[in-house]
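**Q** The chain contents come next:
2 protein chains.
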Amino acid sequence: MTQQLKNVFETEQWGRFEFRCKGPEMMGNPFTEVRFAARFESGERMVEVDGFYDGDGEYCVRFMPDTLGKWTFETVSNRTELQGISGRLNCVEPAQGNHGPVRVDNTYHFAYADGTPYQPFGTTCYVWNHQGEHLEEQTLASLRQSPFNKIRMCVFPKHYDYNLNEPELYPFEGSLDDGWNFNTFEPAFWQHLEQRIQQLQDLGIEADLILFHPYDRWGFSRMSPETDDLYLQYAIARLSSFRNIWWSLANEFDLMREKSMSDWDRFFQIIQDRDAYQHLRSIHNWHNPEIHYRSNEHWYDHNKPWVTHVSIQHHDLNFVPEWREQYGKPIVVDECRYEGNLNHGWGNITAEAMTECFWKGMAFGGYVTHGETYVHPDNIIWWSHGGELHGQSPDRIQFLRNLMKDMPQLGATPINFKWDAAAGGIDQQFYLVYFGQSRPAFRTFNLPEGKRFEISLIDTWNMTVSQLDGEFEGDCRVDLPAVPYLALIFKKIESI
Amino acid sequence: MTQQLKNVFETEQWGRFEFRCKGPEMMGNPFTEVRFAARFESGERMVEVDGFYDGDGEYCVRFMPDTLGKWTFETVSNRTELQGISGRLNCVEPAQGNHGPVRVDNTYHFAYADGTPYQPFGTTCYVWNHQGEHLEEQTLASLRQSPFNKIRMCVFPKHYDYNLNEPELYPFEGSLDDGWNFNTFEPAFWQHLEQRIQQLQDLGIEADLILFHPYDRWGFSRMSPETDDLYLQYAIARLSSFRNIWWSLANEFDLMREKSMSDWDRFFQIIQDRDAYQHLRSIHNWHNPEIHYRSNEHWYDHNKPWVTHVSIQHHDLNFVPEWREQYGKPIVVDECRYEGNLNHGWGNITAEAMTECFWKGMAFGGYVTHGETYVHPDNIIWWSHGGELHGQSPDRIQFLRNLMKDMPQLGATPINFKWDAAAGGIDQQFYLVYFGQSRPAFRTFNLPEGKRFEISLIDTWNMTVSQLDGEFEGDCRVDLPAVPYLALIFKKIESI
Numbered sequence: 001m002t003q004q005l006k007n008v009f010e011t012e013q014w015g016r017f018e019f020r021c022k023g024p025e026m027m028g029n030p031f032t033e034v035r036f037a038a039r040f041e042s043g044e045r046m047v048e049v050d051g052f053y054d055g056d057g058e059y060c061v062r063f064m065p066d067t068l069g070k071w072t073f074e075t076v077s078n079r080t081e082l083q084g085i086s087g088r089l090n091c092v093e094p095a096q097g098n099h100g101p102v103r104v105d106n107t108y109h110f111a112y113a114d115g116t117p118y119q120p121f122g123t124t125c126y127v128w129n130h131q132g133e134h135l136e137e138q139t140l141a142s143l144r145q146s147p148f149n150k151i152r153m154c155v156f157p158k159h160y161d162y163n164l165n166e167p168e169l170y171p172f173e174g175s176l177d178d179g180w181n182f183n184t185f186e187p188a189f190w191q192h193l194e195q196r197i198q199q200l201q202d203l204g205i206e207a208d209l210i211l212f213h214p215y216d217r218w219g220f221s222r223m224s225p226e227t228d229d230l231y232l233q234y235a236i237a238r239l240s241s242f243r244n245i246w247w248s249l250a251n252e253f254d255l256m257r258e259k260s261m262s263d264w265d266r267f268f269q270i271i272q273d274r275d276a277y278q279h280l281r282s283i284h285n286w287h288n289p290e291i292h293y294r295s296n297e298h299w300y301d302h303n304k305p306w307v308t309h310v311s312i313q314h315h316d317l318n319f320v321p322e323w324r325e326q327y328g329k330p331i332v333v334d335e336c337r338y339e340g341n342l343n344h345g346w347g348n349i350t351a352e353a354m355t356e357c358f359w360k361g362m363a364f365g366g367y368v369t370h371g372e373t374y375v376h377p378d379n380i381i382w383w384s385h386g387g388e389l390h391g392q393s394p395d396r397i398q399f400l401r402n403l404m405k406d407m408p409q410l411g412a413t414p415i416n417f418k419w420d421a422a423a424g425g426i427d428q429q430f431y432l433v434y435f436g437q438s439r440p441a442f443r444t445f446n447l448p449e450g451k452r453f454e455i456s457l458i459d460t461w462n463m464t465v466s467q468l469d470g471e472f473e474g475d476c477r478v479d480l481p482a483v484p485y486l487a488l489i490f491k492k493i494e495s496i
Numbered sequence: 001m002t003q004q005l006k007n008v009f010e011t012e013q014w015g016r017f018e019f020r021c022k023g024p025e026m027m028g029n030p031f032t033e034v035r036f037a038a039r040f041e042s043g044e045r046m047v048e049v050d051g052f053y054d055g056d057g058e059y060c061v062r063f064m065p066d067t068l069g070k071w072t073f074e075t076v077s078n079r080t081e082l083q084g085i086s087g088r089l090n091c092v093e094p095a096q097g098n099h100g101p102v103r104v105d106n107t108y109h110f111a112y113a114d115g116t117p118y119q120p121f122g123t124t125c126y127v128w129n130h131q132g133e134h135l136e137e138q139t140l141a142s143l144r145q146s147p148f149n150k151i152r153m154c155v156f157p158k159h160y161d162y163n164l165n166e167p168e169l170y171p172f173e174g175s176l177d178d179g180w181n182f183n184t185f186e187p188a189f190w191q192h193l194e195q196r197i198q199q200l201q202d203l204g205i206e207a208d209l210i211l212f213h214p215y216d217r218w219g220f221s222r223m224s225p226e227t228d229d230l231y232l233q234y235a236i237a238r239l240s241s242f243r244n245i246w247w248s249l250a251n252e253f254d255l256m257r258e259k260s261m262s263d264w265d266r267f268f269q270i271i272q273d274r275d276a277y278q279h280l281r282s283i284h285n286w287h288n289p290e291i292h293y294r295s296n297e298h299w300y301d302h303n304k305p306w307v308t309h310v311s312i313q314h315h316d317l318n319f320v321p322e323w324r325e326q327y328g329k330p331i332v333v334d335e336c337r338y339e340g341n342l343n344h345g346w347g348n349i350t351a352e353a354m355t356e357c358f359w360k361g362m363a364f365g366g367y368v369t370h371g372e373t374y375v376h377p378d379n380i381i382w383w384s385h386g387g388e389l390h391g392q393s394p395d396r397i398q399f400l401r402n403l404m405k406d407m408p409q410l411g412a413t414p415i416n417f418k419w420d421a422a423a424g425g426i427d428q429q430f431y432l433v434y435f436g437q438s439r440p441a442f443r444t445f446n447l448p449e450g451k452r453f454e455i456s457l458i459d460t461w462n463m464t465v466s467q468l469d470g471e472f473e474g475d476c477r478v479d480l481p482a483v484p485y486l487a488l489i490f491k492k493i494e495s496i
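Protein chains in written order, with UniProt numbering: chain R, 1 to 496; chain W, 1 to 496.
Simulated from the structure, these hints should not be mistaken for laboratory data. Treat each hint with caution, since some may be false.
As the list makes no split between identical chains, a pair holds if one copy fits it or if it spans any two.
[Unchecked claim] Below, computed lysine to any residue pairings styled on SDA-like, alpha-carbon distance capped at 20 Å:
id : residue 1 : residue 2
1  : Lys418    : Gln313
2  : Lys418    : Val375
3  : Lys418    : Leu255
4  : Lys492    : Glu58
5  : Lys418    : Tyr162
Generate the whole structure from the sequences, applying the supplied hints.
**A** Next comes the structure, spelled out in structure tokens:
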């Protein structure tokens with residue numbers, strides 16, 4: 001994407017510009033002792049971004065321009081050889097399919113930077129990027145055929161039931177046996193991670209990148225604060241120019257007993273300070289405080305200003321309206337149990353239940369993330385390793401995604417659709433009502449006065465849509481087939 | 001049951017002895033101005049019970065002897081004609097099937113007075129007794145074929161959706177149009193109610209009698225405190241000698257805005273004071289305080305000493321262990337939504353879901369009540385009117401009841417059967433583990449050291465029991481068919 005001509009470059013808007021140069025011969029540690037950054041200017045704007053040492057004597061700085069036109073840049077360093085190198089960057093129209101990074105839109109929703117709506121249909125493959133070439137390519141092929149446009153994945157490898165293999169690469173120099181040199185990153189690890197993030201980007205998939213997690217035998221969950229911070233800065237310098245990056249501070253942060261709330265606050269602040277593009281930031285929990293209606297002591301306060309959206313693990317999607325109200329931010333339920341038949345309680349729900357989570361969460365104006373955990377002869381389980389999808393929910397999630405593409409962003413609705421239904425909409429215009437396992441034989445509605453509606457009946461499991469005969473207004477009755485997993489879509493009929 | 005010979009009578013233990021006599025010709029109100037009671041003595045025991053005016057100049061006092069042998073009695077009145085009449089009562093062995101009234105047993109459970117275990121398998125037909133002869137007899141015939149041994153039913157008629165008919169009888173003299181004479185009871189109403197309670201007793205069914213409820217167009221939910229108290233005293237005088245009576249102070253007490261917590265306390269105390277037999281007492285809620293993890297302001301404090309067991313409306317049976325711990329009393333979830341296809345959210349769950357509620361609640365050491373709400377051409381719906389059962393859950397509830405007959409009373413177990421399963425048992429001896437909609441392909445268990453167990457696999461939906469091959473001990477793995485609605489029963493193998 002980048003063409004060089006006497007330090008004159010061209011990059012598409014929200015593309016990734018990369019400027020590399022050889023650094024000085026040195027005895028010290030190029031990761032910690034060499035500062036390398038660059039200032040990019042366009043008109044009155046100046047954006048400074050950190051560069052990083054990429055091994056083999058090479059330093060690199062990356063930049064994702066967000067506005068069209070001419071940019072100039074100049075490197076900043078504490079080494080003469082790397083200081084004051086300047087150049088020009090022409091930012092051109094984005095290529096087809098490049099809509100920029102995803103931002104919060106309309107308080108509870110998301111859109112790409114160019115305004116295109118983005119509705120997250122996430123999946124979970126925690127360490128698919130640690131499984132070696134064959135399986136990783138298979139995962140990408142599966143994702144290409146899937147409904148998913150977001151993936152939760154970890155920087156660090158994972159140690160847990162079904163996750164006992166060693167990865168090929170580690171983020172730091174060293175080994176499990178000999179210990180890690182936490183001041184020396186392993187560029188090959190990061191280059192590999194970047195390759196995978198880029199491949200996701202090519203598939204239109206956002207990488208919800210998990211920076212810390214508790215499932216660890218290598219010590220990456222128990223690094224010193226100085227190492228944590230260095231690691232974050234290096235990750236930001238390398239990765240923030242990928243437009244499809246989201247920062248998930250942790251998976252199940254509250255299981256990382258060594259870290260305090262103030263550590264998490266500090267991590268958020270480091271990212272907020274150093275990510276020039278302000279990619280989305282969230283943190284993901286293990287505890288459910290309200291299941292025993294006790295205190296919120298283990299619950300991160302998503303109201304803090306550096307949290308862009310609420311990433312929640314919870315099995316009960318009925319809380320989505322409450323969380324919306326409580327936080328005034330997009331709600332993404334990034335784990336609500338997984339479709340499968342695993343021995344573990346969080347990994348053996350039916351495809352029907354997984355699909356129900358999606359419909360319920362979405363109807364309430366939130367978003368939901370998929371995962372799959374079927375027992376496999378070689379212990380290759382989508383939730384962690386990627387590989388192939390075996391379940392029945394992805395087709396239904398694709399069906400929902402297709403439908404939602406044509407829906408407005410859903411908000412809370414003043415119409416009382418009764419508590420057994422999940423419902424959202426745009427008042428007086430559009431309503432989505434999902435009945436889940438409830439199966440009424442009929443329903444009465446009290447539609448807004450003076451408006452006529454057409455109603456479509458959706459069988460969310462059998463993936464059919466049928467428009468009901470007639471028009472509906474005021475107090476009206478709708479007969480239903482009295483089977484589970486139905487939804488209704490109400491659309492106002494525009495007067496001609 | 002009662003034979004007279006010069007005021008010498010015979011009644012079986014926990015049977016109902018009734019002594020009637022004509023009262024004085026009077027101008028005043030025999031319901032309020034005539035005191036009529038009787039003292040029953042046996043050895044050093046003396047039990048005083050209130051009698052009541054039954055119309056046609058006749059006064060009646062009833063007594064349920066709880067110990068075998070000779071009793072004497074003497075009436076007490078403020079009228080000469082009714083004062084000091086004495087007699088003898090011989091209390092003989094109870095007939096087959098008469099186990100006495102149900103009591104709390106072993107903190108969390110129930111047993112009949114003779115020690116026979118009683119496990120409530122309740123159903124709900126709120127006003128079946130207000131539907132006229134034909135339907136009421138049909139209800140009794142349905143109950144006879146059903147798994148149910150407890151029924152929730154109201155004294156007062158019900159006004160609500162699907163409940164708009166007038167009853168044939170009212171508890172007070174008067175009419176809806178002309179108003180009620182709250183000082184004058186209608187004996188025919190009460191005689192009819194007693195007939196139905198007796199018929200339930202003949203079927204081995206406990207009458208969980210709801211004394212107040214909010215669904216009212218007649219004014220019975222908004223009577224004065226004096227009328228409430230008079231009504232309670234009259235009901236106790238008439239009904240407490242029925243051994244199958246349970247006092248449910250209210251259905252959804254918290255919807256009766258006219259009544260305060262102190263009213264409910266007073267009602268409990270009146271019953272505690274006047275019911276000589278101390279039948280079970282509870283109160284039933286509408287609100288679920290913890291669904292929005294807020295305060296308990298609408299939740300009756302079931303710790304109060306006059307509450308014998310906790311009667312709860314709640315859709316989530318996962319709270320049963322918490323309620324057991326909180327109250328230290330039997331937990332009966334007397335409404336967790338109903339099997340059916342009604343337009344209302346509380347009345348359209350599947351038979352699978354209804355059955356799941358039973359298994360889950362019971363596995364956690366609680367008890368659960370059934371209800372059924374299928375749309376019907378004549379609006380005859382089991383939940384309120386009785387009639388016929390149409391659903392698929394009663395057969396499964398019967399299957400569970402048959403199994404539980406051979407189980408010990410279930411308590412909390414220290415074994416961690418994982419949070420997706422409901423489990424209870426007797427430590428080191430017996431465990432019931434229910435997986436509900438979770439469908440693991442296998443499970444590992446950590447059974448108590450040095451004990452061997454046999455395991456039965458239950459398909460709770462298809463109603464099959466199959467014993468697994470072999471014996472199980474210590475850390476062991478159990479392969480499962482990976483379908484929903486399975487349970488396992490672990491029984492310690494006794495050494496020979």
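**Q** At most 20 Å between C-alpha atoms: does Lys492 with Glu58 qualify within a copy, between copies, both, or neither?
**A** neither (60 Å within a copy, 68 Å between copies)
**Q** One pair to classify: Lys418 and Leu255, alpha carbons no more than 20 Å apart. Within, between, both, or neither?
**A** Intra 37 Å, inter 18 Å, cutoff 20 Å: inter-copy only.
**Q** 20 Å Cα cut-off: does Lys418 pair with Gln313 within a copy, between copies, both or neither?
**A** between (25 Å within a copy, 17 Å between copies)
**Q** With 20 Å as the alpha-carbon cut-off, assign the pair Lys418 and Val375 to within, between, both or neither.
**A** between (38 Å within a copy, 18 Å between copies)
**Q** Regarding Lys418 and Tyr162, is the shortest C-alpha distance of 20 Å or less found within a copy, between copies, in both, or in neither?
**A** between (42 Å within a copy, 18 Å between copies)
When held up to the earlier numbered hints, the structure conflicts with hint 4 and nothing else.
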